[in-house]
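Chemist: Model the placement of chain D on the given structure of chain A, informed by the hints.
Residue numbers (my numbering), protein chains in the order written: chain A, 14 to 91; chain D, 0 to 188.
No wet-lab data here; the hints were simulated from the structure.
Mixed in with the good hints there might be a few duds.
[Claimed, not checked] List time: in silico EDC-like cross-link candidates among lysine to aspartate or glutamate, alpha-carbon distance up to 20 angstroms:
| no. | chain 1 | residue 1 | chain 2 | residue 2 |
| --- | --- | --- | --- | --- |
| 1 | A | Lys28 | D | Glu99 |
| 2 | D | Lys115 | A | Glu84 |
| 3 | A | Lys33 | D | Glu99 |
| 4 | A | Lys28 | D | Asp100 |
| 5 | D | Lys56 | D | Asp37 |
| 6 | A | Lys33 | D | Asp94 |
| 7 | A | Lys80 | D | Glu99 |
| 8 | A | Lys80 | D | Asp37 |
| 9 | D | Lys115 | D | Glu127 |
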Amino acid sequence: MPNPRPTSRRRTVVKKLTCKEASEIISRQHEQPLTTRETFWLKLHLFICTGCRNFQNNTRLIRTALKRYLEQGPGGGK
Amino acid sequence: MFATGASPPEFEQHRAYLLRYASLQLRDAGAAEDAVQDTLIAALEGWDRFGGNSSVKTWLTGILKHKIIDHIRRQSREQPLVSDDSDRSEAEAVDALFLEDGHWRQPPSHWGDPDKALENKAFMAVFEQCAKNLPAKTARAFMMREVMELSTEDICKELEVSTTNCWVILHRARLSLRACLEMKWFGKS
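Excised from the complex, chain A in its bound form (with noise of 0.2 angstroms):
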């Protein structure tokens, strides 16, 4: 009889991202390091998804612009 185990393992371990899970550990990504795990599963869904890959390019922009907007000021583009 086969051992149960791997396959009830494996079943916990091989959970996919949904784009809101994915979007809460790419604004996460701003915080801290991922862990191998949450990296792995990250680019997985990216792989896939344009929307978030959007979102992580959106809000790398936002951080930018905020820096930007505190050197210069509103007036600061052309």
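Modeler: What follows is chain D alone, placed relative to chain A:
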């Protein structure tokens, strides 16, 4: 203190920056001006101790940071930011961004060349508006992270929330700010 002649001209050129810094964090023009004035007074008094190891701007910003934290602590004692309707409606608004299965209701779009937006005056004005639209508690945490560059650990301590809660607040802030920019700027161009 002015009699010593130690009124470095550099102070003046950083005034606008310090005011923006304080305003983003305190969201109150009067309180921001107070904090900056207190900073300049402390800086003049301590000018002799400025060793020149950092730039004047970094030094002034460091003093301002303390003044802002003092103000926030005083304010939290006098009139704490309680969870109110704006927090609840924000939580609902963020939840509404996703379908029940966790997919985006409307996936974020590609914003194109970041420099093009960042170099545009009108974009920066929209950005300022969207930042001001964040609910008080969310904005406080987000600006502590992005303007004052405090660690999540320190933010949690200041706001007296758990680390997880802190991440939730910062996540919400980014989602809200992003949605606002998409609606008021990127969705239109």
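Chemist: Are the hints correct? Go through all of them and say.
Modeler: Structure-based check of all given hints:
Restraint check for lysine 28 of chain A and glutamate 99 of chain D: satisfied, since their Cα atoms lie roughly 17 angstroms apart, inside the 20 angstroms limit. As the CA atoms of lysine 115 of chain D and glutamate 84 of chain A are separated by approximately 17 angstroms, the hinted pair is consistent with the 20 angstroms bound. The hinted pair formed by lysine 33 of chain A and glutamate 99 of chain D meets the criterion: a straight-line CA distance of about 10 angstroms does not exceed 20 angstroms. Pair hint lysine 28 of chain A plus aspartate 100 of chain D holds up; C-alpha atoms about 14 angstroms apart against a cutoff of 20 angstroms.
Between the alpha carbons of lysine 56 of chain D and aspartate 37 of chain D the distance comes to roughly 15 angstroms, so the proposed pair stays at or under 20 angstroms and holds. Simply put, lysine 33 of chain A and aspartate 94 of chain D have alpha-carbon atoms about 9 angstroms apart, close enough for the 20 angstroms limit, and the pair holds. Proposed proximity of lysine 80 of chain A and glutamate 99 of chain D is contradicted: the alpha carbons are some 35 angstroms apart, above 20 angstroms. Between lysine 80 of chain A and aspartate 37 of chain D the CA atoms are separated by roughly 23 angstroms; this puts the pair beyond 20 angstroms, and the hint is violated.
Of the supplied pair hints, the one linking lysine 115 of chain D and glutamate 127 of chain D holds, its CA atoms being roughly 17 angstroms apart against a limit of 20 angstroms.
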